[in-house]
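K.L.:
Residue numbers (our numbering), protein chains in the order written: chain E, 230 to 828; chain C, 501 to 1008.
Be careful, since some hints might not be right.
Said to hold, decoys possible - The calculated EDC-like cross-link candidates involving lysine to aspartate or glutamate, where the alpha carbons are at most 16 angstroms apart (straight line), are: (1) 470(E) x 885(C); (2) 470(E) x 999(C); (3) 818(C) x 481(E); (4) 756(C) x 481(E).
Claimed, not checked - To list a few chain C residues with every Cβ distance to chain E over 12 angstroms, as calculated: (5) 687; (6) 701; (7) 760; (8) 784.
Claimed, not checked - Calculated Cβ distances over 12 angstroms to all of chain E for the following chain C residues: (9) 592; (10) 670; (11) 685; (12) 692; (13) 738; (14) 741; (15) 802; (16) 816; (17) 848; (18) 990.
If you're looking for bench data, these hints aren't it; they were derived computationally from the structure. Quick reminder that beta carbons are idealized off the backbone N, C-alpha and C, glycines included.
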Amino acid sequence: MILQPMIHTRRAATLAAPIAIVLVFVAIALIITYRSSSNTTAINNTSSTTPDTTSESSATPWFVDAADNAGLSFVYEPGPKRHWFPEIMGGGVCLIDYDKDSYLDIYFVQGGDLDPEANNTHGNVMYRNLGPDKVLQIAGSGGERALRFEDVTDKTKVGDTGYGMGCTVGDFDADGWDDIYVTNVGQNTLYRNNQDGTFSNITDSAGVGDERWGASAAFLDFDRDGLLDLFVVNYVGWSIKRNLECFSGAGERQFCSPNNYNAPVADNLYRNNGDGTFTDVAEAAGIGQVFGNGLGVACADFDANGWVDIYVANDGMANQLWLNQGDGTFVDEALLSGSAVNVRGKTEAGMGVQAVDVDDDGDMDIFLSHLRNESNTFYVNDGGWFDDMTARMGLAATSIDLTGFGLAFEDFNNDGYQDLYIVNGRVVRWEPTVSKDDPYAEPNLLFAAKGAKEGTSFQEVSPPGGTPDNLIFTSRAMATGDLDNDGGVDAVVVNRSAPANLLRNVVNHRGRWVSFDVRLADGSVALYAMVSMETGGRKQSRMVQRAYSYCASGDARVHFGIGSADKIDRVTVKWPGESKPDTFGPFKINHIYTLTQNR
Amino acid sequence: MGRRKPSQKNLNKKGKPSKKGNTKANRRSSSRKNIAIWSIATIAIIAITAILWQVSNNRTSANQKLISSPLPPVRPGENAQLDPEVRQLIEQQIRIVQGNQASAKEHGTLAIIYEANELWPEAHRSYLNASSLDPKDWVWKIHAAAAQSAAGDFTGGLDSIRDVAEEFPTIPQIQHRLGRTLLETEDLDAAENAFQRTVNLEPNSCAGYIGLGQVAIHRRQFLKAAELLEQGVRLCPDYGLAHYLLGSAYRRIYRKEEARHELAQGVNSKSRFMGDRIMKAIPKYYRGLAVQLATAMQLLESGKPDKAVAILEKARIKRPRDTNVLNNLAIAYLNLRQPEKSRKALLEALEIDPTQFPTYINLVESCLSLRNPQEALTYSQKAIELAPTVGQAHYSKARALMALKRFQEARVALLQTVRLDTRNPEAFLNLAECCYQLGDREEALKYFTTAAERMPRNLNSQIGVCTISMELGLWNRAETALLRAKRIAPDHQRVRQLERSFAERTGQ
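Just chain C, with the same shape it has in the complex (with noise of 0.2 angstroms):
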């Protein structure tokens, strides 16, 4: 499709287009021109804003070239000290990223490989040429986002962390993330706008409200934080960040005694972000053995020991003479109600090393859960011998005398553990039963007290006091415990009981 030629009629001598534009012809060849001027505009800005919406949807015409290039793997760091399991793991997934370079998913899963041995800085390049291949998904970014921080950029972790927030703004556990990194550089008004709308977005979260609540904590609006934190507890009663950021608040604003409950509850507790499907998949890639041994502790607390066991039977083969290894193991198939095979796991251990103070705790442990209080009796002196001052040896020495009905030493035993260990709030409580034991009911009560203090939702404590105080006709005190007590266990038996036997006593 070539120009028409111009008209013979507007040819001039030497045969080309006359110069007087006002002719009929002219005008219409100028015509021409402007509608092929415009047409190429009209292509150019079309083509450009092609280029433009492409630039502007975070470099998609780059990503959908990338998806036709594939990734080579990420690979460890020349320096990185590896677990051999750890690098037979990273190995294995590099293999499968080869034959696979294409797939987001085969780079995602080497990235969770990365982070969940810590390799921060590989799992970073993972996640980045995951959401390369795959940008439509936000898990990979938020995680690239937070590996950055985690590899030590926090600066560019949180511009990261900003970019995916806006890209996925209706996405809570990026708001969230996005929150908690804003609280982290003190920019306020940002997090709570990001918490804002997490809350938003799931009102039934925890989450959303905790980081709130922090945000009133950091502006010293002591009164908002509680109510916030009261809103996140109650959404979330066993976080016990959130029990410690309400204590935190609660003691600003004069509550002392609440603030202390709180504090307590929630000391040392672990914070968490909002779940999504890495953070699931995670565990199953803990491969270092302090990873591996940390997690089968998590698991023990969480009520998991046959997933304990496992993982520190793999430990066990890695690291036969670790003492480490095999009193973890001796404490899981305890959890486990398999007392002979922790028995004999500390046993090992023992012959390896005689010295060990935490294999003598254990096996009194064992030793208990077989019966074999004599044996258990044994092992806590040798713990003593090697450990006077440590409240834990006369801790179990006391447990031992206890199983063996030898009461009177049994409290000696546990005043010295009380009077070495304050920390430990186990001791009083068995201190308070010796002391029952013993006919000192006065004395049982003060320990059962303490024991309820320092452990407010050990159920016994309460249990204890409320018993004891009924025994005394101290019928407030009882109600109260007892109170206490169908706080924390409403339709348990004894409660019930003690309820009962209350109601028959006071005529209430």
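Pulled out of the complex, with its shape left as it was, chain E reads as follows (with noise of 0.2 angstroms):
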């Protein structure tokens, strides 16, 4: 009796080792081939360079498109389908407040037709925001503010119709209204603002009726005469005797690229006289012997000498930073300075640029959009030296597939560091196509930063683009601003031939905000004045800028999102080649503001 059970028990283990040990083998056998089979899933996912924006808080829209609610209906007509290359690169678009009611009105620069014989009928096109008197309730916007837009071309006399690339804004006659500069395929345009609501185009008086093909321009003060002077970058010599046919390995016509032409151009500085008129002195600063395939252009005092600089984004050509000198003169130290070409020494398409502190250290880092198989590149501005952080800062892989054009860093959701939004367009058709109407329609990207001590980054978010539906369309410039002065940025796109979008920031739980029209003492916009603001213990510093992007001007005031802070201790601006910042404060969170430079 005792020793069955010990029998059995001795039974029992002489089984259960060798099926324990079998078990054991079957379990590490099953986890292998589960391990192995999960590598073989790995290799196969095609869509894994997406990031991980599953989350739920991140899953909510941004922006929705109200052009169509708020009575925009621009199309950019890029003209008949010739594959003449000016006609897949247009156009743009400026936001400026024309009439002075404190609303950001919107300018959209136009294509049309190239062929001098067609007469071309279309122009650009000016929509004035209504503002908030007549602000609507649309139906479908849940009961909130809309914005609504007339068109007031006719009236304001803005309607040009040269072949449109894009336009900048800028006060330069100093008369306390903005005027407009339009870049076009051919004569160039600027446009006094006459005070009354309309608009005189004084080009000949003026003499800065360029006549090669002009793409972003902006207005600065380089010589530090208190006039406002004018950047235009040229892109590339072309005439409609000089268009190349181009072709896909298939044998369909293509558009060709800049390096087909070989004919890159110089750019252009005019000086304001103070008189109405400028004169052009590229050739006298030494821009105008060095040549390029101009696209984009950002201006800001770089190199922190008190004097603003120029980088200019060139396409398939090293880029330009051109250093103010302080006697009227540039030197071009791009590729020295590391901001030439990118980390692996090559030259990309440049298209947008932006000027932007990320960092808020101080200094201005530059952000490219490139073409496809480029990733985009940011250059981070380490006392004058640039190093090309585009992978570290999580903006390389998802740029590689697309060709990104306009851009805007902004604090859209204000959290207190500023986010990126990308709009995107081929310029070459191939397969697959993201749309079945568009061959050269891409996706937007929206970008959220991350904060942290070790380094801003970005991570994109969802939904692709902020938007409910992802807006695909071949996207050109891009302008942000406060469009209904509510506290979060907005953005205005242009598409080619398809309606622009307005999008309309509708960030759920947005942070707190201040804004910051910021002037010098004769009133005028302290363009490229550096305004630093410290709200609970953290310092944020953005530049009054306009002309960013592609082909684009946007908002001049600076607009700083501050999370839950609940009041703004001190903001301190640097104006431009003054050594002496004045320092402002305290403010009420939720306003805006003038800042005007004591003198």
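Could you fit the two chains together into a complex? Lean on the hints.
P.N.:
See the structure below:
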């Protein structure tokens, strides 16, 4: 009796040991097999470059396209499908409060037909922002305030019918009213604001009607004489006579690249004479002797010597960093500074560009949008030396398959860190296409900034592009600004052969904010002044700028998101060319203030 | 072999084995059972071990099964817009694969064709087929991984490269690709390890050092980067990227002039992987027109105009009215020293489209080679009419005028050239030559110096600076230029002459 259970036990043990070993082996086998099959899945996973944006909090839209409801119906018309080079590159948009009612109006630059015999009837369009008094309750807008615009092109007389590329805004005659400069394929146009809701075309008398293919442009006071000068980026020495025919591998017509033409051109630097005229001083300044396929421009004091510099994004050629020597001349130090080509020493197809202090360290970094198979590129400024930090910032892989044009760093969600919006659109066809209607169309990208001690980085936002339905167009210019003055930065996007988008900021639980309209003592916008704000022990730094992105001009006011902070301790403005900054504050939250230089 | 019947002695009344186990027979029986159980367990363990071994060897058993299960060829995507010649090549190889579906080599060749013509998803799948059929050959696997990345699945491609590197840890090409890919993802520690393994496996290759230098630049360890990249440049003095990276390191340790020199030498150079047999085979399968043109240009740049002509003549048959093809063909013939054929192709192009600026520029070159500067001058003037603001047009005119020995006019055209296009260093060299011919040695020295700065490895510029400096008694300057010329071409006849002349005049 005693032994039996013992024998039973022994037998059980005898059985259990091998079975247990077998089971262990089976388990290991299962685990390895599972892991092996997991590896196989990973190899075949073609969508794994998409960042994880499935978290519930990030899945709500940041923008809705309110163009239709707001009465914006602008479509950029590139012309008949002849594959003439300019037909794939335009158009532009500027935000301008031309009537000084404190609401930003929208000026669209139109293409049309390049053939001189076609007698182009497509003109640029001005939309007036009707402002708070005429805000309408729009069905489907949830009872929120809605934006509303009216076409005032005829009234304002700004319907230039040149084949348009871009525009920029600045008060060149220092009368307190913003003027408009339009770049065209052909003669550019300068409109002076008559202060009565109309403009006059003063191109010829002002001497700024360069006939080359202009792209982006920027106003800046490069010689610090108190008058806004003008820099115009020119693209390629193209004419209808010189148009080339390019083909895909399958023999289909394609748009040529600038390198097919091998005809880079010099840019214009117009010095403001103070009497309504300008003189092109590019040659004397050293700029007119160097050629490039320029598309984008960003101005800032990159080397912190008190003089505003000029950065030009070139398409397929080294970018130029024109450092202002303070004596009317500039020296291109892009190559030595590290901002001419990417970290692998390769030139890229520079399209849009923005100077931005993304790490709030007081010096201006540079971001550029590029062609497919090149990532967009982020050059971080470290005391005048630039390092390509694109991958480290999380901005490389997501852009490699897209062709970027317009872009903007703005704190869209008001958390205190500048986010990034990029609009895309191809310049050549390839398969697969994203849209069945438009072979060049591509989706937009929206990145949220993740500020941290070890450096700022970005993560793509879901839903992609930040809108409920991803907007898939051949997008070009984008301008950002607070169109409804509600503390959320909105955006306007120009699309080729498709309606423009008005991206109204609807970020859920948007943070608190404050905006500053920064003015020099004479009342003009303090372009390229650096504004730093301290709140809750953290410092943010923004530059007053208008000309950034691609063929565009945005809101000149500087916008700060402040998260949950309830007051602004101090705001410091470093005026261009002045060593002594002015300090302002404290300020209430959720307000727009004007800061004027003390003299 | 059945089990032994239980002993009769141990049977109970019902003829079943007795449950009493304390008997000797019971113990024997129990012992036999134990042996049987252990035997089964051992067999099971052996079987499972075998399965495990197979699975851990990258599904070898599955691959072995695939060897006996032929794989159909990968066909191009439905939407692929293919050049007819590319399609023909693909279809031809597909037929070969269909006849030999178990051949890794044939699937691999199909993959190479897809890769050569940038059909990345198809290349990826074909390389996978080849590697399934021949899992021991690392080259299929690494190219499968690379094609996966190129097809847009960068993360998946990285995982695949990691797997291949783990499987073949002693292949430097794989370690180098792994390092490069990891660098893209800013995984600096892992990239550094991969590049260090590359150096250990292939210490005479520059690839590992350059990779390590890049890692150091990313870490902002610029001094260390400079040392590593100097080693890389020593091993591969003609590799532009190494020069660019070295310049990037120098600029951050305030060696500005050296930085400028290295950056200028290396900017826009092509990045390259360590070679393998597929990379060597790829050019054979370039077929698309755009790829063919690019290949022809590369062949021209690498001094193989005969091969470029062969490619371009084929392209001309396909596209007889493509002025781009004709212009490239003309350039290739010029390089092959057959200017008459070059001119003929260009005149054809001119007939097709008389408004094409490049045709006139190339005609100038052809006519100059045919020693017909007057005709060259005519074409250069047409080019200027078409594009008066393009420096190249004026440069062509200057070259024609120089050939006609009309140096004064040539100087004016060259000044216009450099005013319009400062990127053209050759124009400064010609300007210097013009000034010298006109007896203006100071100006000549100025422009030779500019040319030497723009083209640090150009011998004629250094010789020009040295010669004129000696004539002007600028001995230090002459010596510096002579030293630079000796670095570029120590055995060149002109350099030796200058060396002797310098020694005679200075008594050195």
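K.L.:
Checked against the structure, which of the hints given earlier come out wrong?
P.N.:
2, 4, 5, 7, 11 and 14
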